[in-house]
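Colleague: Sequence:
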Amino acid sequence: MSTPPTTTKAWTHSARGPLRSVLSLNPSHPLPPFPPPDQSQEWLLLRVAYAALNPGDIIGITLMPALIRSGPARTAAVPGFDLTGVVEDVWTPSSSQDQHAPTQSRFQKGDRVIAFPPFDHKRTHGVGALQGLVPIPAKYAVRLPEGKSLRDGAGLMLAGCVALQQVDETGLRQGQRVLVNGASGGIGTAAVQIARETVGREGFVVAVCSGRNVEMVRGLGADEVLDYTEYKDLAEELGRRYGGEKFDVVLDTYGSQALFNGCAGFLKEEGVYDAASIGYEGYGFWALLMSGLTLLWNGV
214 MSTPPTTTKA
224 WTHSARGPLR
234 SVLSLNPSHP
244 LPPFPPPDQS
254 QEWLLLRVAY
264 AALNPGDIIG
274 ITLMPALIRS
284 GPARTAAVPG
294 FDLTGVVEDV
304 WTPSSSQDQH
314 APTQSRFQKG
324 DRVIAFPPFD
334 HKRTHGVGAL
344 QGLVPIPAKY
354 AVRLPEGKSL
364 RDGAGLMLAG
374 CVALQQVDET
384 GLRQGQRVLV
394 NGASGGIGTA
404 AVQIARETVG
414 REGFVVAVCS
424 GRNVEMVRGL
434 GADEVLDYTE
444 YKDLAEELGR
454 RYGGEKFDVV
464 LDTYGSQALF
474 NGCAGFLKEE
484 GVYDAASIGY
494 EGYGFWALLM
504 SGLTLLWNGV
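Residues in the sequence shown are numbered from 214 upward in steps of one, following my numbering.
What the hints contain is simulated information worked out from the structure, not anything from laboratory work.
Note that the coordinates shown come from a computational prediction; the quantities given were computed from them, not determined experimentally.
Any given hint could be a false lead.
As the list claims (entries may be wrong) - Below, in silico cross-link-like pairs of lysine-lysine (DSS-like), each with a Cα-Cα straight-line distance of 30 Å or less:
| id | residue 1 | residue 2 |
| --- | --- | --- |
| 1 | Lys-481 | Lys-459 |
| 2 | Lys-322 | Lys-445 |
| 3 | Lys-322 | Lys-352 |
| 4 | Lys-222 | Lys-352 |
| 5 | Lys-222 | Lys-361 |
| 6 | Lys-481 | Lys-445 |
| 7 | Lys-322 | Lys-361 |
| 8 | Lys-445 | Lys-459 |
Please build the complete structure, drawing on both the sequences and the hints.
Modeller: Spelled out as structure tokens, the structure:
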């Protein structure tokens, strides 16, 4: 293993506020040691090719206090959960004196990977997707499939994992009827495809998005696509269209309170309504607090 660098270029912030006001490019952001002091698992050093921002990143930048944002790392925070890159270096426990440690890594230098450092790792180690080099446990990375570009993979992990979690939570299965709201968003585009694969051709997938994205969403596998902008009361329209043969599952990737309140008209009594979040008007503290409380209340 070559001697790794101790700094890297990174977009960082040390204060809360609008992105344009608080983010700055640091050419020498400190890197944690590689390999880390905790040498109980395999680690990768990745050179980032592409990164993606999510609503959660915006919340962290605009609202999160320093103690939560930086944690014990006590460095400027680096935003970003989603990244793709190339493996610069690999460290495995077999490099230590542990004779029982694995001798082979799942990865090699030069592998193209998709990675998703979770919040606890980012907070503890002071790293994020918006930096040149990222040390990360290998368990948070997977190889990019052949024929897929690093650019296309960069926005996949967080949104894709949320969509997959929603489908898993609902118990969606072959032959069922499913409605996907917010179908043209990051989570929604993944949810439509996963739902289509899960219910098969015997099932029925209806998607909701704006008119400009109808054909794109239909191309992802939806049987029918509704333009929500055409209806004053979307829940009422869904009840009119599908009340005679209701849905088994609703995957609300946006979090429409009005849709949830009116779901009895189009969701089976034993059906499952799963919301990824609650739609909010802005990134202010009170707006997000009320969204969180509403989400909790809906589950009561």
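Colleague: Would you mind marking each hint as holding or not holding in the structure?
Modeller: Each hint, compared with the structure:
Taken as a hint, the Lys-481 and Lys-459 pair is honoured in the structure, with Cα atoms around 5 Å apart against an allowance of 30 Å. Distance restraint check for Lys-322 and Lys-445: the Cα-Cα separation of roughly 55 Å exceeds the 30 Å cut-off, and the hinted pair is therefore not satisfied. The straight-line distance between the Cα atoms of Lys-322 and Lys-352 is roughly 16 Å, inside the 30 Å bound, and the hint therefore holds. In summary, the hint linking Lys-222 to Lys-352 is supported, as the alpha carbons are separated by about 24 Å, within the 30 Å threshold.
A hinted pair counts as satisfied when its Cα atoms are at most 30 Å apart, and Lys-222 with Lys-361 qualifies at roughly 26 Å. Restraint check: the Cα-Cα separation between Lys-481 and Lys-445 comes to about 23 Å, which is no more than 30 Å; the hinted pair holds. Our distance criterion of 30 Å between C-alpha atoms is met by Lys-322 and Lys-361, whose separation comes to about 18 Å. A C-alpha spacing of about 21 Å is found between Lys-445 and Lys-459, which places the hinted pair at or below 30 Å, so the restraint holds.
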